[in-house]
Amino acid sequence: MRRLPWRVARLAESRWENDSARTLVLEVPGWPGHLAGQHVDVRLTAEDGYSTQRSYSIAAPADGERVELTVERVPDGEVSPYLADVLEIGDEVEIRGPVGGWFVWRPDGAAPVLLVAGGSGIVPLMAMVRQRRRAGSRTPFRLLYSTRDPGRRYYAEELRRPDPGLDVTYVYTRAVPEGWSRPPGRLMLDDLAAGGWPAEFAPDSYVCGPTGFVERAADLLLSLGHDPGRVRTERFGPTGG
Amino acid sequence: MTDDHLDGNALAGPLREIFAVDMTAAVGRCAGCGLTGPLATLHVYGPGPGFTARCPGCEEVVLRVVRGPDAAWLDLRGAVSLRIPLTDAEPS
Chain A
1 MRRLPWRVAR
11 LAESRWENDS
21 ARTLVLEVPG
31 WPGHLAGQHV
41 DVRLTAEDGY
51 STQRSYSIAA
61 PADGERVELT
71 VERVPDGEVS
81 PYLADVLEIG
91 DEVEIRGPVG
101 GWFVWRPDGA
111 APVLLVAGGS
121 GIVPLMAMVR
131 QRRRAGSRTP
141 FRLLYSTRDP
151 GRRYYAEELR
161 RPDPGLDVTY
171 VYTRAVPEGW
181 SRPPGRLMLD
191 DLAAGGWPAE
201 FAPDSYVCGP
211 TGFVERAADL
221 LLSLGHDPGR
231 VRTERFGPTG
241 G
Chain B
1 MTDDHLDGNA
11 LAGPLREIFA
21 VDMTAAVGRC
31 AGCGLTGPLA
41 TLHVYGPGPG
51 FTARCPGCEE
61 VVLRVVRGPD
71 AAWLDLRGAV
81 SLRIPLTDAE
91 PS
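Just so you know, the protein sequences line up as chains A and B, in that order. Residue 241, in UniProt numbering, is where the first sequence stops; the numbers in between run on with no holes. Residue 92, in UniProt numbering, is where the second sequence stops; the numbers in between run on with no holes.
FYI, nobody ran anything at the bench for these hints, they're computed from the structure. Every value quoted in this text rests on a predicted model; they were computed, and no experiment measured them. Fair warning: there could be bad hints in the mix.
[What the hints assert, rightly or not] If we take Cβ atoms under 10 Å as the criterion, some of the chain B residues that face chain A in the derived model are:
#1 17
#2 39
#3 44
#4 60
#5 64
#6 81
[As the list claims (entries may be wrong)] So the derived label-pair ranges between C-beta atoms look like this:
#7 A:201 <-> B:83: 26 to 36 Å
#8 B:82 <-> A:18: 16 to 26 Å
#9 A:10 <-> B:33: 46 to 56 Å
#10 B:69 <-> A:158: 38 to 48 Å
#11 B:27 <-> A:50: 33 to 43 Å
#12 A:200 <-> B:35: 22 to 32 Å
Glycine is no exception: its CB is placed at the ideal position from the N, C-alpha and C atoms.
Between the sequences and the hints, there should be enough to build the whole structure, so can you do that?
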C-alpha cells in the first residue's frame, strides 16, 4: 500500500492576477484529477534538506496533468514569496493531493449555488465557476466577492466576460470605483440579501475567506434563514505563508 | 477561544496521509456535547506543533494530529464515532 504521494510539479506558465497574487500553472506527471474546491499541499525543500509546506486551493477544474494555483504573497511568509517571486518557468516544487472532499462542488448538483468570497478566498470558488462553465452546467450561480478595493480583485477580466447563469456582485471594504453607489464597508445583510439567493430557493452556499469574514458571512446567511446544512465554509488562517 | 482558527478543511492533507479516503466529509459526534457534523466544520488550531480540532459547539477537543519525522499521532479523544463516506469513487 502506498500513502498519498508527493509528486514533482513543474511550472509551465504563470500570470499575475494583481500586484501580489500570481497564478501558477503546474504540470504534474501522474496527476489523478480533482474536484472544484479541493486543495493541494505544496512542499519546498532547501539544499540543506530543510523543508516546509503550505496548503493552496486549486483555481481551475481538472485539465489532464495541469494544476492551477493562485498564490497570494504573504509578506515575511516562508513559502508564498518564493512561489510568487522566485519560481521560474521550468522550476520544480513538490505537490501532494488533491485533498478535501467536503468543500467541493460537482457539476451534477441541481440546487442553485451562492459563492461568497473574501479576498483570496475567491480561489476555490473560481474553480467552481470555471467547472460550471466547462461542464456546460445550467445550475444558476451567484458570486458575491468582497475585496479591499477594485485593484485587489483576482480574475477581474474573466469575471467581466458574460457567462450566462452567473451573476457577479462586488463588495469593496476600503475604496470603491468612481460612481459606485454602495459605500465602502464590510459585508452586510443587505449585500447577501441582494446578491445572494432567497433561503426558500434552498441554495448550496460556499463561503471562503479569512476566518473573521467567513464567520460573519455564515452568521448573516443563517440569520437570513439559510439551512446550516447547506452552508459550507472554508477558513484561511490569519497568517499563511 | 479566539477568532484565529482554521477549520477542518485544513486536516484534509494530514488525515489523507493516514487514511485511504477523504476524512473531511466524515461525520463525527462530539463526546462533549453530542453535536454531529462533518470534520470540515471543526475549529482547527495549528499547524505547529500539530493540529488541534475543537467542536464548533462546545470548543472541547475532538481530535489532534501530530506528524513526527517517521510517525503520526492521532488522538481521537473527543469523537464518539465517525461515519466515513465510502461511496465516492472520485479523486480525493
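Results for each hint:
1. 17: Check passed: Cβ of residue 17 (chain B) comes within 6 Å of chain A, closer than 10 Å.
2. 39: Since the shortest Cβ distance to chain A is 8 Å, the answer is holds.
3. 44: holds (8 Å)
4. 60: Cβ of residue 60 (chain B) sits 19 Å from chain A, so the hint is violated.
5. 64: violated (17 Å)
6. 81: violated (18 Å)
7. A:201 <-> B:83: 26 to 36 Å: For residue 201 (chain A) and residue 83 (chain B) the Cβ distance comes to about 28 Å; the hint holds.
8. B:82 <-> A:18: 16 to 26 Å: Since residue 82 (chain B) and residue 18 (chain A) have Cβ atoms about 41 Å apart, the given range 16 to 26 Å is violated.
9. A:10 <-> B:33: 46 to 56 Å: holds (48 Å)
10. B:69 <-> A:158: 38 to 48 Å: Holds - the Cβ-Cβ distance for residue 69 (chain B) and residue 158 (chain A), about 43 Å, lies within 38 to 48 Å.
11. B:27 <-> A:50: 33 to 43 Å: Since residue 27 (chain B) and residue 50 (chain A) have Cβ atoms about 38 Å apart, the given range 33 to 43 Å holds.
12. A:200 <-> B:35: 22 to 32 Å: With Cβ atoms ~26 Å apart, the hint holds.
When held up to the earlier numbered hints, the structure conflicts with 4, 5, 6 and 8 and fits the remainder.
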